[in-house]
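Engineer: The whole structure should be built from the sequences, with the hints applied where relevant.
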Amino acid sequence: MDLGLTALMLARIQFAFTVSFHIIFPATSIGLACFLAFIEWRWLRTKNPIYQDLFKFWVKVFALAFAMGVVSGIVMSYQFGTNWSEFSRIAGSVTGPLLTYEVLSAFFLEAGFLGIMLFGWGRVSEKAHFFATLMVAIGTCISMFWILSSNSWMQTPQGFYMENGIVVPEDWWAIVFNPSFPYRLAHMGVAVFLVSALLVIGTAGWHLLRGRRDALIKKSFSYSLWLLLFASIAQMVIGDLHGLNTLKHQPAKIAALEGHWETNHDHAMPLLLFAIPDMENERNHFEIGIPHLGSMILTHTLDGTVTGLKAFEPQDRPNVPIMFWSFRIMVGIGLLMIIMSVIGLWLRKKHTLYENKYFHWFTVFMAPLGYVALLAGWVVTEVGRQPWTIYGILRTEDSLSHTVSADQVGLSLIVFVIVYAIVFGCGIYYMLRHLMKGPEIVYSAEGK
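Using our numbering, you'd call the opening residue of the sequence shown number 1 and step up by one each time.
I should point out that these hints are in silico values taken from the structure, not numbers from a laboratory. Keep in mind it's a predicted model, so treat the numbers as computed, not measured. Every residue, glycine too, gets a C-beta built ideally from N, C-alpha and C. Misleading hints may appear alongside valid ones.
Simulated DEER-style distance windows between Cβ atoms [what the hints assert, rightly or not]: (1) H285 <-> F119: 55 to 63 Å; (2) Y430 <-> T305: 47 to 55 Å; (3) V442 <-> P291: 57 to 65 Å; (4) A421 <-> P387: 50 to 58 Å; (5) V423 <-> H285: 40 to 48 Å; (6) P321 <-> S93: 16 to 24 Å; (7) T403 <-> V103: 36 to 44 Å; (8) I288 <-> G112: 49 to 57 Å; (9) I288 <-> S93: 21 to 29 Å; (10) H267 <-> P321: 22 to 30 Å; (11) R89 <-> I13: 21 to 29 Å; (12) D407 <-> G112: 36 to 44 Å; (13) M279 <-> H434: 19 to 27 Å.
Once the Cα atoms are required to be at most 30 Å apart in a straight line, the calculated BS3-like pairs of lysine-lysine come out as [unchecked claim]: (14) K248 <-> K127; (15) K47 <-> K310; (16) K56 <-> K218; (17) K219 <-> K349; (18) K437 <-> K310; (19) K218 <-> K310; (20) K437 <-> K47; (21) K60 <-> K357; (22) K350 <-> K127; (23) K437 <-> K56; (24) K47 <-> K248; (25) K219 <-> K350.
Structural biologist: Here it is as structure tokens:
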């Protein structure tokens, strides 16, 4: 089989495909687990049966997302052993324990209480069931903690020394709490709440469009809009802090996502809204920008200096067009989230939140865009790290297995695409059918 691509390129495509598929499920399950813990807490406090009905509905979506997240995660572990064995050999002494901590502290916690959460309603006491739901929610967050710690260490490595070309851990505190970890954890943590909030809002918006006005739909719509309002504003602040941290530790990544070629020593850096980056000629075409705003955002001064891409060797630069546009897609959708939250607030004040069809269509349109923003952000993170697997330490080309061939990677990639299309296609189809059917009124007799 000759696909005209190298083993390295195919291995990267394969990992990008599987990790992109994987990330949407944990993001959904983490956010929904916390949402379920919240509505069950409300049930315990108020005894309002509406919360029981909401729990019964959303716990099925959570279970499906959780199951698909586990399955898609196992596949990624397989790739570390087949396609990226050099990376595992060189850095496994750090990444291996971090992923093991995730299994021991998070997955076991989730698995231990998941059965009670899914099937224990009416079989165990109310408080015991809530405790199980809370443990599952905490477990998903702990899982995110370890995964983000491992990924952040690859972005900003510290706490180790090299011996015969192998990474040797020296300070686990420094490894876990590496310089970019707090910002990535906060950024990703808020992102999963945004994704889940948009899913709940879009589902409620869909049923409002179909004429449902019962309390199940209204509470879902109202709660998730409040969450979106606070989370989207918080994400804007966290994103700014994350950008400052990235400028300090990964300046080439910042230069690429801004399409910034020349270091602006004697003038302010503009914020480019539109451009067509040309890596071959090291310039942009058709630039449209706002003067001074780039310096203002990145340095918090009107004429602050930002290192340009030409300060780095061409072989040390990430792909500029992918970075430039992925970042703008992420930020653009983030701004739409804030706009939607503000409109929702205004409609709430006018008492027309549940009556405005244009706004309901807007919420349905935005539901999948949360995942688009999530994937765009992940592309910015991972493509921006290139050409390094471990930033400044191990290049991606040196992380590839010595024995794997392009034919082998290409064949396994085709198998992955086919299996994913069948397995996850069926899962997503069932999830969409469940969402479109909507929550059933069981315990709350009139849905009030």
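Engineer: It remains to establish, for every hint, whether it holds in the given structure.
Structural biologist: Results of checking the hints against the structure:
1. H285 <-> F119: 55 to 63 Å: Distance hint for H285, F119 holds at roughly 59 Å.
2. Y430 <-> T305: 47 to 55 Å: For Y430 and T305 the Cβ distance comes to about 53 Å; the hint holds.
3. V442 <-> P291: 57 to 65 Å: For P291 against V442, whose Cβ atoms are near 59 Å apart, the range 57 to 65 Å holds.
4. A421 <-> P387: 50 to 58 Å: violated (31 Å)
5. V423 <-> H285: 40 to 48 Å: Cβ of V423 to Cβ of H285: about 42 Å, so the range 40 to 48 Å holds.
6. P321 <-> S93: 16 to 24 Å: violated (36 Å)
7. T403 <-> V103: 36 to 44 Å: With Cβ atoms ~27 Å apart, the hint is violated.
8. I288 <-> G112: 49 to 57 Å: With a Cβ separation near 54 Å, I288 and G112 satisfy 49 to 57 Å, so the hint holds.
9. I288 <-> S93: 21 to 29 Å: violated (48 Å)
10. H267 <-> P321: 22 to 30 Å: holds (24 Å)
11. R89 <-> I13: 21 to 29 Å: holds (22 Å)
12. D407 <-> G112: 36 to 44 Å: holds (43 Å)
13. M279 <-> H434: 19 to 27 Å: violated (45 Å)
14. K248 <-> K127: Answer violated: K248 to K127 is near 47 Å, above 30 Å.
15. K47 <-> K310: violated (63 Å)
16. K56 <-> K218: Answer holds: K56 to K218 is near 16 Å, not above 30 Å.
17. K219 <-> K349: holds (16 Å)
18. K437 <-> K310: violated (54 Å)
19. K218 <-> K310: Distance of about 53 Å is beyond 30 Å: violated.
20. K437 <-> K47: Given pair K437, K47 holds - Cα atoms ~25 Å apart, limit 30 Å.
21. K60 <-> K357: Within the cut-off at roughly 28 Å; holds.
22. K350 <-> K127: violated (39 Å)
23. K437 <-> K56: holds (13 Å)
24. K47 <-> K248: Violated, at about 51 Å.
25. K219 <-> K350: Holds, at roughly 17 Å.
Of the numbered hints given earlier, the model fails hints 4, 6, 7, 9, 13, 14, 15, 18, 19, 22, 24; all others are met.
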